[in-house]
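J.: The lines below spell out each chain.
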Amino acid sequence: MIYLDTSATTPLLPKVRDAMLRLMDESISCKLGNASSLHSAGSRAKFALNEARTEIAKYIEVPPLELIFTSSGSESNNTIIHTFEHCPIIVSAIEHPSVLYAAEAYGDPFIKIPVDERGIINLNFLKTKLEELTKDNPRQKILVSIMLANNETGTIEPVEEVSALIKIFKDKGYRNIFLHSDATQAVSKIPVNIKKLGVDYLTFTAHKLGGPVGISALYIRAGAPFKSLIIGGAQENKRRAGTSNVILAAGFAAAVSYCQEKNVLDNYQKVRVLRNYLAQRITKILPDAKIITPLEENLSLPNILNVAFPYAEGESTQLYLDLEDIEVSTGSACASGDLEPSHVIMAMYHDAEIAHGSVRFSLPLDITKAKLDQLLTKLPSIVTKIQDLSTLNKAKS
Amino acid sequence: MSENNSTSSKKSPWAYTETVKDHFLNPRNFIMGDETKWESDGEGLVGNPVCGDQMLVKIKVKDGKILDIGWKTYGCASAIASTSALSELAKGRTIEEADHITAKEICDYLGGLPEHKFHCSVLGHQALHKAIQNYKSNLKS
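In the order they appear, the protein sequences are chains A and B. If you use the numbering used here, the first sequence closes out at 397, no skipped numbers anywhere. If you use the numbering used here, the second sequence closes out at 1141, no skipped numbers anywhere.
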């Protein structure tokens, strides 16, 4: 099997399973209590939870107290967007739906920043909007949320430039502009330095770096506005109610420690070389394929390649590849629950046919040239077969 | 029908029945190559590539019956399979009978389709209806 859908979720690392199993065994023998309980079993759980928090905080170089656990990247994103309910919320047009839909629900106004064909936000648009919003009310509270890297195309957004722009406004006295970044896809793939990024909030999650599904992190800079999304308990320093999930937190920490020990960041540079090889070969063997991901090193994550195959609807391509034991994903409407084509590709190209034909290959750390060559052997006949069935075939164009 | 019911009961890891999978992977009666060269007595096109689904159906009619049917589909597995199923259902029927084929009949033939796919991807009968209309107007002219 060739699993090329790591942006959806990464396979669980054996080290992560071991860390969680250890705690599960402790739970079976009543040694792992509720982390909020004061007795020994509770204290052990609290210790394990704090240990996990410290490990993860160290990874992105923030104080542990500025990091909370949530259930998912979507919860982390929703929490911050919800904090700015009734305030202007400005997001990129290609955010994850958990940012986009939350901003639409809570923002007043809700503003989407357009992107170019590489998927990169228009900074001038953002500047103009910030000027408009602060003109009559210098103390206006505003949230800007820009993802660090896009989940469908891998495009890296200029978050540092956004924070530099906000700093110019802050230096002029407009102090209530805050910056959130959804770094769910970026963490472990490219260096993520909170100070350098200059963000007030950052979302990232365990299951994109070999950890378990069900646990994520949210960095909240000390002093930045915050409103709990889930209330009714003092967990997470009164910022997120609900019994602490110590076992998943330990799994998350084990994944992070693996990333550090095994120099995962460096290894992804080898993945980048193979990703570029794949792009180059696809262009060669299927000349009408459109490479959506910008391949320049500073513009995209090392592991994602998004390609649109004209006249071949993406779900069909995905399912034919699945029959060959090759797993990918697509931006086609048919593959989505809401039957809308990818909003990301639409924002970049404004062309539904490109969106319907888009396929995302997201490569695992252990990808090899041999595996990609296997994919490349199968791909042309699959795409050609679907194109042959299509009303929009080459003969017509 | 019973044959399809039995195949559809087999488990597929996809959201589709085995019958849908079969018609998607081994589409019946589709037009290989340039469809403009496929001679017909009537043709109908429905759907829109912007929406992600488009079907072309062409028919050859003899003695009031559909002698042959050919099609092209741009769309997902469900769209391809449902057009393929329609072509099997329509072939050999009188044009009046074929014109009464419904989306539900196609869906039943396939052993069911995911709810959210039913309305958007089962369009082949509409293309066939247009092809029959086109055939009838060709007769008049």
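For the record, the hints were derived by calculation from the structure and aren't laboratory data. Quick caveat, the model's predicted, so the values are computed rather than measured. Incorrect hints may appear among the rest.
Per the computed footprint, the stretches of chain A lying under chain B, defined by three or more beta-carbons under 8 Å from a beta-carbon of chain B, are [stated by the list, open to error]:
| id | region |
| --- | --- |
| 1 | 108–122 |
| 2 | 308–318 |
Far from chain B, some chain A residues (derived; all Cβ distances over 12 Å) [unchecked claim]:
| id | residue |
| --- | --- |
| 3 | 12 |
| 4 | 27 |
| 5 | 85 |
| 6 | 169 |
| 7 | 242 |
| 8 | 332 |
| 9 | 341 |
| 10 | 369 |
| 11 | 385 |
Beta carbons: idealized from backbone N, C-alpha and C, even for Gly.
J.: Please go over all the hints and tell whether each is borne out by the structure.
T.: How the hints compare with the structure:
no., hint, verdict
1, 108–122, "violated (count 0)"
2, 308–318, "holds (count 4)"
3, 12, "holds, 20 Å"
4, 27, "holds, 32 Å"
5, 85, "holds, 31 Å"
6, 169, "holds, 40 Å"
7, 242, "holds, 32 Å"
8, 332, "violated, 6 Å"
9, 341, "violated, 7 Å"
10, 369, "holds, 28 Å"
11, 385, "violated, 9 Å"
Hints 1, 8, 9, 11, counting from the list given before, are not met by this structure.
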